[in-house]
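Between the sequences and the hints, there should be enough to build the whole structure, so can you do that?
Number of protein chains: 2
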Amino acid sequence: MKTVFVSGTAGSGKSLLSSKLQDYYSKNGAFAAILNLDPGVENMPYTCDVDVRDHVDYVSIMQQYELGPNGAMVMANDLIASKIGDIQDQVDQVNPDYLIVDTPGQIELFAYRSSGRFIVDNISSDEKTNVFLFDGSLITSPVNFVSIALLATSIRLRLNLPTINVLTKTDLLGDKMEDILQWSTNLKTLENAVSKETDGDTYSLTTNILRGLDMGGFAQGLIPISNVSGEGFLNLEGALSRVLNLGEEVEN
Amino acid sequence: MKTVFVSGTAGSGKSLLSSKLQDYYSKNGAFAAILNLDPGVENMPYTCDVDVRDHVDYVSIMQQYELGPNGAMVMANDLIASKIGDIQDQVDQVNPDYLIVDTPGQIELFAYRSSGRFIVDNISSDEKTNVFLFDGSLITSPVNFVSIALLATSIRLRLNLPTINVLTKTDLLGDKMEDILQWSTNLKTLENAVSKETDGDTYSLTTNILRGLDMGGFAQGLIPISNVSGEGFLNLEGALSRVLNLGEEVEN
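Heads up: the sequence lines are chains A and B, in that order.
Residue numbers for the first sequence follow our numbering, beginning at 0 and rising by one.
Residue numbers for the second sequence follow our numbering, beginning at 0 and rising by one.
Take these hints with a grain of salt, some might be off.
The list cannot tell twin chains apart, which means a pair is met if one copy fits it or any two copies do.
In silico SDA-like links for lysine to any residue, alpha-carbon gap of 25 Å or less [claimed, not checked]:
| no. | residue 1 | residue 2 |
| --- | --- | --- |
| 1 | Lys1 | Gly199 |
| 2 | Lys1 | Asp200 |
| 3 | Lys26 | Thr184 |
| 4 | Lys195 | Asn121 |
| 5 | Lys187 | Asp200 |
| 6 | Lys1 | Leu15 |
| 7 | Lys82 | Ser225 |
| 8 | Lys175 | Asn159 |
| 9 | Lys195 | Arg210 |
| 10 | Lys187 | Asp213 |
| 11 | Lys1 | Leu180 |
| 12 | Lys187 | Tyr23 |
| 13 | Lys195 | Asp120 |
| 14 | Lys195 | Asp213 |
| 15 | Lys187 | Asn207 |
| 16 | Lys195 | Phe117 |
| 17 | Lys1 | Thr201 |
| 18 | Lys187 | Val58 |
| 19 | Lys175 | Ser113 |
Hint data in this document are derived by calculation from the structure and do not stem from the laboratory.
If you want it as structure tokens, here you go:
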């Protein structure tokens, strides 16, 4: 089994991408299952194979511990780690070729508290990778782009997984998509764009960070995806294959 | 009026620090008020001067739009921006010397969606600054420290505010506090610590990012704070003063 964690900020399209990726694998003859790790999700665009909500009940946590929505959300996410045995048993029963893990809505509750890293480290799998979603609708400026790139890098270090960066909602971006894709592969273009938007301390901080990210091999570009039109999934599957299967494509 | 935004990951101690900072200012003869910006908070360790919950009702949002806790949380946070007029009116009536803004529990809903930057840009104030809390209990390794430092930098770029970095929960850290403080001021020490924990791609990415952050003037250190013992508030007030009052201390 190979495992694909799907991460990104709240509303970036994690659940929809998980669903579309499952469709893509299925159409190409592979058996892909989805593990929902979000204890607070209400509706999902897929039928769940393994569901953390069977093990962590957000509403009873609110009632039992007399917590507000924030506190209950934090506690529910922290409890995920303690359910790894049950989750693993269910995954083993399903026994897919690919396990797609739809991570909790608010990424910080997963990535910056202990449960996320614990699940990533302890779920039993031949290979693991992380797909991080850059929410196209949040990238309204070059400095915003750098801000999300820093978040992506922060999460990559925190989860300690090879990471594929994806740009979502490309159908909403129009001409801006080309700019964003250029920024993600060409440091000079991005520096120029930042210099037009900012100066002083922010400019100096941003450009120095960019050079650090660039030297660290960050600038491998984003894979543009539309969950609506389905564009980009061939490229995403190729990138996943290079990490998970040493380049072998899924069988037809 | 000077405004201090208090930001940090869920559970990092934002509300408690807001409360203690208000106490500190009050004891030193300044009038400090607190604006709660978290629509989902249940209990607060202070009496609120202005409360976003008077304008955004999390529970009715859940019911009215038939949303789960995640969806309602996202929507409630997004709605904050539309209430800026009402919030500003109330702040003007209170008219404090210092407005301490306790930002929403989950930082990503504030910082990475549009409402946070909108509030930061549009609240009327002579000077504004951001206090970012490094949650001491999350920094279990050098790479984790770098990960939180990247998040802090990402938020700084996103909010576009001068930022003071604070280390919280120092009373829980024991000997590790000295290590963390060294990492935050001395790049070589941090690089050495990272090299003992990691190698290959992660090491190369981390050290290059660190050099970028360092050149960008990041390594100004953390101010250690204990919300329990009250240690560190003198230093925090001094740092705030340098940003907000051009170095003048609050009157005694």
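Item checked: Violated hints, by number in ascending order, as checked against the structure -> When the structure is compared with the hints, numbers 3, 7, 11, 12, 18 turn out to be violated.
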